[in-house]
Amino acid sequence: MKSRNSVAKPTDLPVLMPIAERLTRGRGIGLSYDIPRLQLRAWHGLFLLGVLVFFSASAWAQQSPDHPATLAQAFIRWMPLLLKAFVFNIVMSFLAMSLGTIAGVGLGVMQLSPTRPTHAVGWFVTQFFRNAPWLVLLFFCMFLLPFRFSVFGVTVPFPDWIKATLGLALPVMANVAEIMRGAVASIPSGQWEAAHSLAFSRRQIMFGIILPQCIRRMLPPWMNLYAILTMATVLASIVGVSEVMTQTQRVLSAENRPEFIVPFYAFVLLLFFVYCYPIARYTQKLELRYAVRD
Amino acid sequence: MKRILLGSAAVLTIMFSSIAIAHADVLSQIEKRGTLVVGVKADYRPYGYLNPSNNIVGIEPDLARDVAKALGVQLKLVPVVASNRMQFLDQGRVDLLIATMTDTAERRNVVDLVPPDYYASGVNIMARKKSPFNNWESIKGAPVCAVQGSFFNEMVARKYGAKLVAFKGSAEALNALKQGRCAAFVFDDTFIAAQLQQQQWSAYDIPLKTIDSKPWGVAVKKGETRFARFMSGMVVHWHVDGEIIKLQKKYGLTPIAYSVRMHKFFDDNFVPSAN
Numbered sequence: 001m002k003s004r005n006s007v008a009k010p011t012d013l014p015v016l017m018p019i020a021e022r023l024t025r026g027r028g029i030g031l032s033y034d035i036p037r038l039q040l041r042a043w044h045g046l047f048l049l050g051v052l053v054f055f056s057a058s059a060w061a062q063q064s065p066d067h068p069a070t071l072a073q074a075f076i077r078w079m080p081l082l083l084k085a086f087v088f089n090i091v092m093s094f095l096a097m098s099l100g101t102i103a104g105v106g107l108g109v110m111q112l113s114p115t116r117p118t119h120a121v122g123w124f125v126t127q128f129f130r131n132a133p134w135l136v137l138l139f140f141c142m143f144l145l146p147f148r149f150s151v152f153g154v155t156v157p158f159p160d161w162i163k164a165t166l167g168l169a170l171p172v173m174a175n176v177a178e179i180m181r182g183a184v185a186s187i188p189s190g191q192w193e194a195a196h197s198l199a200f201s202r203r204q205i206m207f208g209i210i211l212p213q214c215i216r217r218m219l220p221p222w223m224n225l226y227a228i229l230t231m232a233t234v235l236a237s238i239v240g241v242s243e244v245m246t247q248t249q250r251v252l253s254a255e256n257r258p259e260f261i262v263p264f265y266a267f268v269l270l271l272f273f274v275y276c277y278p279i280a281r282y283t284q285k286l287e288l289r290y291a292v293r294d
Numbered sequence: 295m296k297r298i299l300l301g302s303a304a305v306l307t308i309m310f311s312s313i314a315i316a317h318a319d320v321l322s323q324i325e326k327r328g329t330l331v332v333g334v335k336a337d338y339r340p341y342g343y344l345n346p347s348n349n350i351v352g353i354e355p356d357l358a359r360d361v362a363k364a365l366g367v368q369l370k371l372v373p374v375v376a377s378n379r380m381q382f383l384d385q386g387r388v389d390l391l392i393a394t395m396t397d398t399a400e401r402r403n404v405v406d407l408v409p410p411d412y413y414a415s416g417v418n419i420m421a422r423k424k425s426p427f428n429n430w431e432s433i434k435g436a437p438v439c440a441v442q443g444s445f446f447n448e449m450v451a452r453k454y455g456a457k458l459v460a461f462k463g464s465a466e467a468l469n470a471l472k473q474g475r476c477a478a479f480v481f482d483d484t485f486i487a488a489q490l491q492q493q494q495w496s497a498y499d500i501p502l503k504t505i506d507s508k509p510w511g512v513a514v515k516k517g518e519t520r521f522a523r524f525m526s527g528m529v530v531h532w533h534v535d536g537e538i539i540k541l542q543k544k545y546g547l548t549p550i551a552y553s554v555r556m557h558k559f560f561d562d563n564f565v566p567s568a569n
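Protein sequences, first through last, are from chains X and P. First residue of the first sequence: 1, per the working numbering; consecutive thereafter. First residue of the second sequence: 295, per the working numbering; consecutive thereafter.
Bound conformation, chain X alone (with noise of 0.2 Å):
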């Protein structure tokens, strides 16, 4: 407590001492005192599948030495394939955010018109896909695309992963209609007041003075859906997508081994967490950094 006082000492005013602490945190000053001490590196991620490899390897060792190959033979020959469906999850997770962010973005202005009829219809959009399960939301994308469609006369495939990337878009749509509806109605509005006495159109104000103001604060709420999104691509494995639980799934198939499911899972797991983890952490520092500071 002492050597921070000293270090960056925000004020001499008693008065002023606790609010002046607070500020300089919003600063990023303070930083340590939010996040707990545990924090986790790239590395601590290889140290964890090394522990893995190495715990499962031995265990299976022990249970039946006469056997043809290792785990860590295994882990080795299905690699390239687990990490290629990892690839393809975070395309997958791309595409669904992009779509989902453009879309969602049109979805939260069509809420914030003053106009009756789009404000309702851009309500409804938004509730209806927000509160339907993502995986219900899938399925009805998997089931109701057609496979491939005919635009004048030219026959154009509809893979199934677009299908599924389309179905987890929507869920994102809706929830970055409603982080943006939240950032706009979250500034003040005396920069509304100002820009209207300024004779700005409405459409100027909207587009040229308050969602630039809204980016930062939609920022880290929108890495962290972008996180859940990427997370909640495995549940293409359930309509067939060759991501990278299915290919776990085939592989364990393939392997025949019972002892290899555990390993496995957790190595698809681990792949998750470490591409995850910066994510959520970086969202968070993001968060304090933009806390107090208008």
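Please note: incorrect hints may appear among the correct ones.
[Said to hold, decoys possible] Once the Cα atoms are required to be at most 35 Å apart in a straight line, the calculated DSBU-like pairs of lysine-lysine come out as:
id: 1; chain 1: P; residue 1: 544; chain 2: P; residue 2: 423
id: 2; chain 1: X; residue 1: 84; chain 2: P; residue 2: 326
id: 3; chain 1: P; residue 1: 516; chain 2: P; residue 2: 370
id: 4; chain 1: P; residue 1: 363; chain 2: X; residue 2: 84
id: 5; chain 1: P; residue 1: 558; chain 2: P; residue 2: 503
id: 6; chain 1: P; residue 1: 462; chain 2: P; residue 2: 424
id: 7; chain 1: P; residue 1: 472; chain 2: P; residue 2: 457
id: 8; chain 1: P; residue 1: 558; chain 2: P; residue 2: 508
id: 9; chain 1: P; residue 1: 453; chain 2: P; residue 2: 472
id: 10; chain 1: P; residue 1: 544; chain 2: X; residue 2: 84
id: 11; chain 1: P; residue 1: 370; chain 2: X; residue 2: 84
id: 12; chain 1: P; residue 1: 424; chain 2: P; residue 2: 434
id: 13; chain 1: P; residue 1: 462; chain 2: X; residue 2: 84
id: 14; chain 1: P; residue 1: 503; chain 2: P; residue 2: 544
id: 15; chain 1: P; residue 1: 424; chain 2: P; residue 2: 453
id: 16; chain 1: P; residue 1: 543; chain 2: X; residue 2: 84
[Stated by the list, open to error] Under 10 Å between C-beta atoms, here's a sample of chain X residues computed to sit facing chain P:
id: 17; residue: 77
id: 18; residue: 78
id: 19; residue: 146
id: 20; residue: 148
id: 21; residue: 160
id: 22; residue: 239
id: 23; residue: 252
id: 24; residue: 256
id: 25; residue: 258
id: 26; residue: 259
Hints in this document: simulated from the structure, not taken from any laboratory. Don't be surprised by glycine CBs; every beta carbon is placed ideally from N, CA and C.
Take the given structure of chain X and dock chain P to it, following the hints.
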């Protein structure tokens, strides 16, 4: 604002409208395309499973390759699961299903299951080679591992009086068998046969006669008469030549009784003698 509204309406319309596709006989489509698309399992060793270079291999992919060869076209395999395979066929995503599909009356209402059936699976047990089990009556009162939700569990318990110990999945049940928590494991005989390929189960075998045997059928889309007839011919040809028996041996299975019987039946009745 109106423009945005119209735009989003248009996007939603496109997203939710399915566009009908003009339909021609599937056999001519395959010829025109130059590719046969077959739905197979990718998670059921040795019938259809993945190899490390991400190709589907196994008994059923080999059969599919034979069909493509007979048609003189390329082969494309699409992995299917039980919950989506009939939709895929109905939508035209696959031309043909060879996907461990049991031939049932309900399924015949949805797809064309081509006669004759190409394979069969039933219920059997897996037990130590020295076990006292030699007929189904002998498992009375014995602790038998099973997987929750298998439709034959009730029959085995009620009709043959086994003391069932049900587990969540086959892996757990097998583990319990290995630890000696039960005297036998009751399950689908094709699954047991696949397990017995492994060295760790070398002290075990299938001691009983398979009961409740249900045939597996090759399926084409309903109403595709020409293709269905062609596939009938293919399956008969497989039985006559003993193709499926050869494949079972290739993938390390003991030929099942059904294949042997069908081979003998077609060989005796349908192949004209040499002289």
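*asked:* Need the list of violated hint numbers for this structure, in ascending order.
replied: Violated hints: none; all satisfied.
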